[in-house]
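Novice: Sequence:
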Amino acid sequence: MSAPAEVDVAIVGAGAGGAATAWRLAGHGIDVALFERGGWWPPEESPAQRDDWEWQRLGPYSPNPVLRRHPDDLAIDASESAIKPLLTYGVGGSTIMWSCHMPRFHPSDFAMRSLDGVGDDWPLTYTELAPFYALNEEMMGMAGLAGDPAYPKMPARPTPPPPIGPAEAHVAKTLDRLGWAWWPADMSINTAPYLGRGACANCGPCELGCVHRAKGTADVAYVEPALGRGARLVTGARVQRVLAKDGRAEGIVWRDRSGADHLTRARVVIVAASGINTPRLLLLSELANRSGLVGKRLMLHPFARVTGRFDDPIHAHRGIAAGAIVSHEFYESDPARDFKRGVKLLLMRSHGPLFAALGSTMPRSPWGRGHHQRFEEVFDHTLGVSVCADDLPEEVNRVTLSDRTDGDGLPIAKMHYRLGENSRRALDFGMARGRELLTEAGAAELHEVPLIAEAGFHLMGTTVMGDDPERSVTDRWGETHDVANLYVVDGSLFVTAAAVNPTHTLQALALRAADRIAATRRDA
1 MSAPAEVDVA
11 IVGAGAGGAA
21 TAWRLAGHGI
31 DVALFERGGW
41 WPPEESPAQR
51 DDWEWQRLGP
61 YSPNPVLRRH
71 PDDLAIDASE
81 SAIKPLLTYG
91 VGGSTIMWSC
101 HMPRFHPSDF
111 AMRSLDGVGD
121 DWPLTYTELA
131 PFYALNEEMM
141 GMAGLAGDPA
151 YPKMPARPTP
161 PPPIGPAEAH
171 VAKTLDRLGW
181 AWWPADMSIN
191 TAPYLGRGAC
201 ANCGPCELGC
211 VHRAKGTADV
221 AYVEPALGRG
231 ARLVTGARVQ
241 RVLAKDGRAE
251 GIVWRDRSGA
261 DHLTRARVVI
271 VAASGINTPR
281 LLLLSELANR
291 SGLVGKRLML
301 HPFARVTGRF
311 DDPIHAHRGI
321 AAGAIVSHEF
331 YESDPARDFK
341 RGVKLLLMRS
351 HGPLFAALGS
361 TMPRSPWGRG
371 HHQRFEEVFD
381 HTLGVSVCAD
391 DLPEEVNRVT
401 LSDRTDGDGL
411 PIAKMHYRLG
421 ENSRRALDFG
431 MARGRELLTE
441 AGAAELHEVP
451 LIAEAGFHLM
461 GTTVMGDDPE
471 RSVTDRWGET
481 HDVANLYVVD
491 GSLFVTAAAV
501 NPTHTLQALA
511 LRAADRIAAT
521 RRDA
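First residue of the sequence shown: 1, per full-length UniProt numbering; consecutive thereafter.
Fair warning: there could be bad hints in the mix.
[To be verified] Below, computed lysine to aspartate or glutamate pairings styled on EDC-like, alpha-carbon distance capped at 20 Å: (1) Lys153 - Asp312; (2) Lys340 - Asp121; (3) Lys173 - Asp261; (4) Lys340 - Asp116.
[To be verified] Derived Cβ-Cβ restraints for the label pairs, each shown as a range: (5) Ser2 - Glu138: 19 to 27 Å; (6) Pro353 - Arg516: 24 to 32 Å; (7) Asp256 - Asp334: 52 to 60 Å; (8) Glu138 - Glu436: 49 to 57 Å; (9) Arg364 - Arg229: 21 to 29 Å; (10) Ser114 - Arg265: 38 to 46 Å; (11) Glu376 - Ser114: 51 to 59 Å; (12) Asn202 - Lys173: 18 to 26 Å; (13) Leu145 - Glu470: 29 to 37 Å; (14) Lys173 - Pro469: 33 to 41 Å; (15) Glu376 - Glu138: 41 to 49 Å.
Quick caveat, the hints were computed from the structure, so don't treat them as lab data. Keep in mind it's a predicted model, so treat the numbers as computed, not measured. We put the beta carbon where it would ideally sit given N, CA and C, even for glycine.
Produce the complete structure using the sequences and hints provided.
Specialist: Set out below in structure tokens:
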């Protein structure tokens, strides 16, 4: 579409948070435009059902922009980060290549300082966010089962939970023997036709997109409906800076794919460019940093994995990749442990033959004599336990501007991240539980990865929200303390990380912020 000269609301980024905000604002009759540096990734073009789907995952459909090398990608300097970033640029953002596990935060996650003496309390509660969780579940097309005892009462999910295969059923019985609570995992996948989208065929490589449009991605669930409500979308828009005057946001400057610069005036500017690129844009714009916290308190969710190899085939490479069951048995703090907060244990299915041969689950099968024998011992014989640890906010973990520049001559973001002692202890504890579970389930061989380096897909905390302008970047609605009408609606807002995936919570925050913006516009 042509470049809009003026809009009510300009949103930088058409990913999970930006897309949800645009849909909600357009429903309130507000003139809103999304500015996205990438383009569309049509679900119908997904290689998920092609013979070379694993090869595609190693190149053009990799979540790692270093491997993907797409012309729309923006480099990130991760030379000083123990965890490397995984994110996607395009309409739908990183939901294009996500695994679809979409849990809510626990009520305790919003009050960690009060309950456990670590981190900070959020300026809002689970109860305040609950209606927006429910709305997001309707829009994204949640598959799951109500009644999980780890949470307060929740409404029924739009579609039933994904099927539990024989491997998961076996481990579920083991969990029962151990006395550990488990539940079908909440997934942003339609297991039945829903809102004009198809049903999941349980084919497996969800990260590559879904030709059935059963996968809940922000482009399908929010951008397309937002456009139907009158929202506008500009693709190939590389936003250079946010403009402000007299303490109020005024618009954005952006560059199109031809290299031409544009100015779009806006009464409200919303930044939803990820927990890495949102602070980058604010730092480039020299805005909203009176607290000195823009870019600081970076949280990434450190992950570990324990994989078990079983003597008999268990068919765990079939079905939704992120697994079907989750345990929050060790989620809350326990005074008997040597760390605060807890871990989430998610059963992970294995991969296809190429990834199995390359060592995605067990040590890589050596080439030469014995390769085929080892491959047959591993492929279709492994099941993993993913350990996600709460990641406490530390100012030493941060995003700054790098000495390296992008194609427009602007500094790229630089990540500084080291694993904290609390997180290391939590991961060690979680791996011990993974070993215990898989051994009890009958695994003949175990393989552990104490820290998965390429797992930086949860980007949080770098423009923290709060009530005190000296200790936060935005208020409880996501509006920056320093610049009126400048909002953030992505994981940058997070006060703490919890030990579950963040997308559901950041979208709920975005929907809540949209209602606030709409009410403010009406009052004005």
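Novice: Starting from the hint 24 to 32 Å, judge whether the C-beta atoms of proline 353 and arginine 516 obey it.
Specialist: 50 Å Cβ-Cβ, so the 24 to 32 Å window is violated.
Novice: Is 33 to 41 Å right for how far apart the beta carbons of lysine 173 and proline 469 are?
Specialist: The hinted range 33 to 41 Å is violated for lysine 173 and proline 469, with Cβ atoms some 53 Å apart.
Novice: Run the distance test for lysine 340 versus aspartate 121: straight-line Cα separation, threshold 20 Å.
Specialist: Status holds; Cα separation ~15 Å.
Novice: Using the C-beta atoms of aspartate 256 and aspartate 334, is the stated range 52 to 60 Å upheld?
Specialist: Given range 52 to 60 Å: holds, Cβ gap about 54 Å.
Novice: Confirm or reject the claim that glutamate 376 and serine 114 have a C-beta distance inside 51 to 59 Å.
Specialist: 54 Å, holds
Novice: Determine whether the Cβ-Cβ distance between asparagine 202 and lysine 173 falls within the hinted range of 18 to 26 Å.
Specialist: Given range 18 to 26 Å: holds, Cβ gap about 21 Å.
Novice: Under the criterion that the straight-line Cα-Cα distance not exceed 20 Å, is the pair lysine 340, aspartate 116 satisfied?
Specialist: 7 Å, holds
Novice: Mind checking the hinted window 49 to 57 Å against the Cβ distance between glutamate 138 and glutamate 436?
Specialist: Since glutamate 138 and glutamate 436 have Cβ atoms about 38 Å apart, the given range 49 to 57 Å is violated.
Novice: Within 38 to 46 Å: is that where the Cβ-Cβ distance between serine 114 and arginine 265 falls?
Specialist: 43 Å, holds
Novice: Decide if the proposed pair is consistent with the structure: lysine 173 and aspartate 261, CA atoms, cutoff 20 Å inclusive.
Specialist: Given pair lysine 173, aspartate 261 is violated - Cα atoms ~60 Å apart, limit 20 Å.
Novice: Is the Cα-Cα distance between lysine 153 and aspartate 312 20 Å or less?
Specialist: 40 Å, violated
Novice: Starting from the range 19 to 27 Å, see whether the pair serine 2 and glutamate 138 falls in it by beta-carbon distance.
Specialist: 33 Å, violated
In this structure, the earlier hints numbered 1, 3, 5, 6, 8, 9, 13, 14 are contradicted, and the remaining ones agree with it.
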